[in-house]
Amino acid sequence: GAVVSQHPSRVICKSGTSVKIECRSLDFQATTMFWYRQFPKQSLMLMATSNEGSKATYEQGVEKDKFLINHASLTLSTLTVTSAHPEDSSFYICSSRAGGKDTQYFGPGTRLTVL
Amino acid sequence: AQKITQTQPGMFVQEKEAVTLDCTYDTSDQSYGLFWYKQPSSGEMIFLIYQGSYDEQNATEGRYSLNFQKARKSANLVISASQLGDSAMYFCAMREPDSGNTPLVFGKGTRLSVIA
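So the protein sequences, as listed, match chains A and B.
So for the first sequence, the numbering used here puts the first residue at 1; every next one is plus one.
So for the second sequence, the numbering used here puts the first residue at 1; every next one is plus one.
Among the clues, some could well be false.
[To be verified] The following residues of chain A were derived to be distant from chain B, with all beta-carbon distances above 10 Å: (1) Lys20; (2) Thr32; (3) Ile93.
[Stated by the list, open to error] Which bits of chain A does chain B cover? Going by a derived footprint, with three or more residues having C-beta under 8 Å, they are: (4) 21-31; (5) 64-73; (6) 81-92.
[As the list claims (entries may be wrong)] Computed cross-link-like contacts, DSSO-like style, restricted to lysine-lysine with a CA-CA straight-line distance of at most 30 Å: (7) A:Lys55 to B:Lys3; (8) A:Lys20 to A:Lys55; (9) B:Lys73 to A:Lys41; (10) B:Lys108 to A:Lys41; (11) B:Lys16 to B:Lys73; (12) B:Lys3 to A:Lys14; (13) A:Lys14 to A:Lys66; (14) B:Lys73 to A:Lys66; (15) B:Lys16 to B:Lys108; (16) A:Lys66 to A:Lys41; (17) B:Lys108 to B:Lys70; (18) A:Lys14 to A:Lys55; (19) B:Lys70 to A:Lys66; (20) A:Lys41 to A:Lys20; (21) B:Lys3 to B:Lys73; (22) B:Lys70 to B:Lys3; (23) A:Lys14 to A:Lys41; (24) B:Lys16 to A:Lys64; (25) B:Lys16 to B:Lys70; (26) A:Lys64 to A:Lys14; (27) A:Lys64 to A:Lys20; (28) B:Lys108 to B:Lys73; (29) A:Lys55 to A:Lys66; (30) A:Lys41 to B:Lys16; (31) A:Lys20 to A:Lys66; (32) B:Lys3 to B:Lys108; (33) A:Lys20 to B:Lys70; (34) A:Lys64 to A:Lys41; (35) B:Lys108 to A:Lys64.
Don't read these hints as lab results, they were simulated from the structure.
Even for Gly, the Cβ is constructed at its ideal location relative to N, Cα and C.
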């Protein structure tokens, strides 16, 4: 199946710093990338939808100035958590569709811990 | 209203037995897609099976099958011959409409534990 990579897999940072998470589609062109967040023992919640070359669409309650999404190419989307705080600690995971409609692939996720 | 409902927070099954994980959904769209994913402790989301709303046959992928009952709006996952490695969280998800720019909406998940 199609491969989506994500980097870093794990990051620990101090409160107030910014963290960038990269999501790459390795063998297909990702016109649309979805970003999800998963808190411990909970389900995946959609944060935003990014389309290559245009502004991301954020879900209600997600601060667009805090979670900056850039989708500058068909193979790379980035999520930057700005001025991170402990409550931003979570598992962030990207996803895109490749090929037929029965596909929706996920990156391996990034576990963010803010101290 | 919740789009995807998984009523079983946790399930136990004996190794080599079959198990059914429940999923009901809510939509007024004619076109939608239903997915099941497995999430082990590592966190990765592993795609298991897909059922399109227009598909007349129940989807099957190896030991996984999807019991699609459209009138009841249910899409239960059946795992046959359970293995210890099947222990994980399982998420049911829906995409409506079933197009490339539509994200998946997930249920709360069911934690499956396979007992030796």
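Here is how each hint holds up against the structure:
1. At roughly 19 Å, the least C-beta separation between A:Lys20 and chain B is larger than 10 Å, which holds for a residue marked as non-interface.
2. The non-interface label for A:Thr32 is inconsistent with chain B: the shortest C-beta to C-beta separation is roughly 5 Å, within 10 Å.
3. Not every C-beta of chain B lies more than 10 Å from that of A:Ile93, the closest at about 7 Å, which undercuts listing it as non-interface.
4. Under the rule that three or more residues need a Cβ within less than 8 Å of chain B, the assignment of the stretch 21-31 of chain A is violated, with 1 such residues.
5. Coverage of a stretch by a chain is defined here by at least three residues with a beta carbon nearer than 8 Å to that chain's beta carbons; for the stretch 64-73 of chain A and chain B the count is 0, and the condition is violated.
6. Restraint check on the stretch 81-92 of chain A versus chain B: 1 residues with Cβ-Cβ distances below 8 Å, three needed, restraint violated.
7. With a CA separation close to 27 Å, the supplied pair A:Lys55 and B:Lys3 stays within the 30 Å bound.
8. A hinted pair counts as satisfied when its Cα atoms are at most 30 Å apart, and A:Lys20 with A:Lys55 qualifies at roughly 17 Å.
9. A hinted pair counts as satisfied when its Cα atoms are at most 30 Å apart, and B:Lys73 with A:Lys41 qualifies at roughly 26 Å.
10. Between B:Lys108 and A:Lys41 the alpha-carbon distance is near 9 Å, which keeps this suggested pair within the 30 Å criterion.
11. Taking the CA atoms of B:Lys16 and B:Lys73, the gap is about 29 Å. The hint holds against a cut of 30 Å.
12. This hinted pair does not check out: B:Lys3 and A:Lys14 have alpha carbons roughly 37 Å apart, beyond 30 Å.
13. About 16 Å separates the Cα atoms of A:Lys14 and A:Lys66, which keeps this hinted pair within 30 Å; it holds.
14. For the hint linking B:Lys73 to A:Lys66, the alpha-carbon distance of about 38 Å lies beyond 30 Å, and the restraint is violated.
15. Of the pairs offered as hints, the one joining B:Lys16 and B:Lys108 holds, with about 26 Å between alpha carbons and a cut-off of 30 Å not exceeded.
16. About 24 Å separates the Cα atoms of A:Lys66 and A:Lys41, which keeps this hinted pair within 30 Å; it holds.
17. Pair hint B:Lys108 plus B:Lys70 holds up; C-alpha atoms about 21 Å apart against a cutoff of 30 Å.
18. A C-alpha spacing of about 28 Å is found between A:Lys14 and A:Lys55, which places the hinted pair at or below 30 Å, so the restraint holds.
19. For the hint linking B:Lys70 to A:Lys66, the alpha-carbon distance of about 41 Å lies beyond 30 Å, and the restraint is violated.
20. Taking the CA atoms of A:Lys41 and A:Lys20, the gap is near 24 Å; set against the 30 Å cutoff, the hint holds.
21. For the suggested pair B:Lys3 and B:Lys73, the alpha carbons sit about 11 Å apart, so the restraint of at most 30 Å is met.
22. Pair hint B:Lys70 plus B:Lys3 holds up; C-alpha atoms about 15 Å apart against a cutoff of 30 Å.
23. With a CA separation close to 24 Å, the supplied pair A:Lys14 and A:Lys41 stays within the 30 Å bound.
24. A hinted pair counts as satisfied when its Cα atoms are at most 30 Å apart, and B:Lys16 with A:Lys64 does not qualify at roughly 48 Å.
25. Simply put, B:Lys16 and B:Lys70 have alpha-carbon atoms about 29 Å apart, close enough for the 30 Å limit, and the pair holds.
26. Using a Cα cut-off of 30 Å, the hinted pair A:Lys64 and A:Lys14 holds, with the two alpha carbons roughly 21 Å apart.
27. Using a Cα cut-off of 30 Å, the hinted pair A:Lys64 and A:Lys20 holds, with the two alpha carbons roughly 14 Å apart.
28. For the given pair, B:Lys108 sits about 17 Å from B:Lys73 by alpha-carbon distance, which is consistent with the 30 Å threshold.
29. Between A:Lys55 and A:Lys66 the alpha-carbon distance is near 14 Å, which keeps this suggested pair within the 30 Å criterion.
30. Straight-line distance between C-alpha atoms of A:Lys41 and B:Lys16 comes to about 27 Å, which keeps the hinted pair within the 30 Å bound.
31. For the proposed pair A:Lys20 and A:Lys66, the alpha carbon gap of about 12 Å is at most 30 Å, so the pair holds.
32. For the given pair, B:Lys3 sits about 11 Å from B:Lys108 by alpha-carbon distance, which is consistent with the 30 Å threshold.
33. A threshold of 30 Å between alpha carbons decides the hint, and for A:Lys20 with B:Lys70 the separation of about 42 Å lies outside it, so the pair is violated.
34. The suggested pairing of A:Lys64 with A:Lys41 holds, with an alpha-carbon distance near 25 Å, which does not exceed 30 Å.
35. A threshold of 30 Å between alpha carbons decides the hint, and for B:Lys108 with A:Lys64 the separation of about 25 Å falls inside it, so the pair holds.
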